[in-house]
Amino acid sequence: MRNIVLISHGELAQGMHSVVKMIAGDRKEVYSICLKQDMDAGLFMEECEKVFSLIPENDQIILLTDILSGSPILNALSVLENKNREEQTIVIGGMNMPMVLEAVFKKDHIEDLHLLKETLIEEAKKGISGLVK
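The opening position of the sequence shown corresponds to residue 1 in full-length UniProt numbering, with each subsequent residue numbered one higher.
Because the hints were derived from the structure by calculation, they are not lab data. It cannot be assumed that every hint is accurate.
Stated by the list, open to error - Derived lysine to any residue pairs resembling SDA-like cross-links, with alpha carbons at most 25 angstroms apart:
| id | residue 1 | residue 2 |
| --- | --- | --- |
| 1 | K126 | N96 |
| 2 | K28 | H109 |
| 3 | K21 | S53 |
To be verified - FRET-style restraints, in silico, Cβ to Cβ:
| id | residue 1 | residue 2 | range |
| --- | --- | --- | --- |
| 4 | I23 | L113 | 22 to 30 angstroms |
| 5 | M97 | V132 | 28 to 36 angstroms |
| 6 | E49 | V132 | 40 to 48 angstroms |
| 7 | G127 | M39 | 27 to 35 angstroms |
| 8 | G10 | E111 | 29 to 37 angstroms |
| 9 | K50 | N84 | 12 to 20 angstroms |
| 10 | E118 | E86 | 12 to 20 angstroms |
Glycine included, each C-beta is placed from N, C-alpha and C at the ideal position.
All chains should be built: construct the whole structure from the sequences, respecting the hints.
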């Protein structure tokens, strides 16, 4: 099984998770972890530990994050490395709603994890556009 973990600064991940619930229903394989203002790294890593402990060891993990080099994703990856789970994990930065929804709806339909990663990146790019009058 594949699980999606949304990770962000502030409450962006939680907000996107809320939109997923609105559009796709409550998905038990979708999680969100937020680095809230004034939260230290230790507490954030504890939150990561809690979420990752809910995901069965043999499951794959799709980590979607706001800023690829930001402290939330780096701390989350540190937790995953300590659990020896980095091999079954893909990470994508620049998280936006089209990417998240594509992940929810396609995660079980594209077998190759790296092809799924490329598909999600392309969907995120397509989601950035301007309104033409």
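Consistency of the hints with the structure:
Distance restraint check for K126 and N96: the Cα-Cα separation of roughly 11 angstroms lies within the 25 angstroms cut-off, and the hinted pair is therefore satisfied. For a cut-off of 25 angstroms, the pair hint linking K28 to H109 stands: about 17 angstroms separates their Cα positions. Among the hinted pairs, K21 with S53 is consistent with the structure: their alpha-carbon atoms are about 22 angstroms apart, no more than 25 angstroms. As the Cβ distance of I23 to L113 is approximately 24 angstroms, the hint placing it in 22 to 30 angstroms holds.
Taking 28 to 36 angstroms as the suggested C-beta distance range, the pair M97 and V132 does not conform, at roughly 20 angstroms. For E49 and V132, the Cβ-Cβ distance of about 46 angstroms falls inside the hinted range of 40 to 48 angstroms, so the restraint holds. Judged by the Cβ atoms, the range 27 to 35 angstroms given for G127 and M39 holds: they are separated by roughly 29 angstroms. One distance hint, 29 to 37 angstroms for the beta-carbon pair G10 and E111, holds here, with the actual separation near 34 angstroms.
Separated by about 18 angstroms at the C-beta atoms, K50 and N84 satisfy the suggested range of 12 to 20 angstroms. At about 19 angstroms, the beta-carbon gap between E118 and E86 stays in the expected band of 12 to 20 angstroms.
In the structure shown, a violation is registered for the earlier hint numbered 5 alone.
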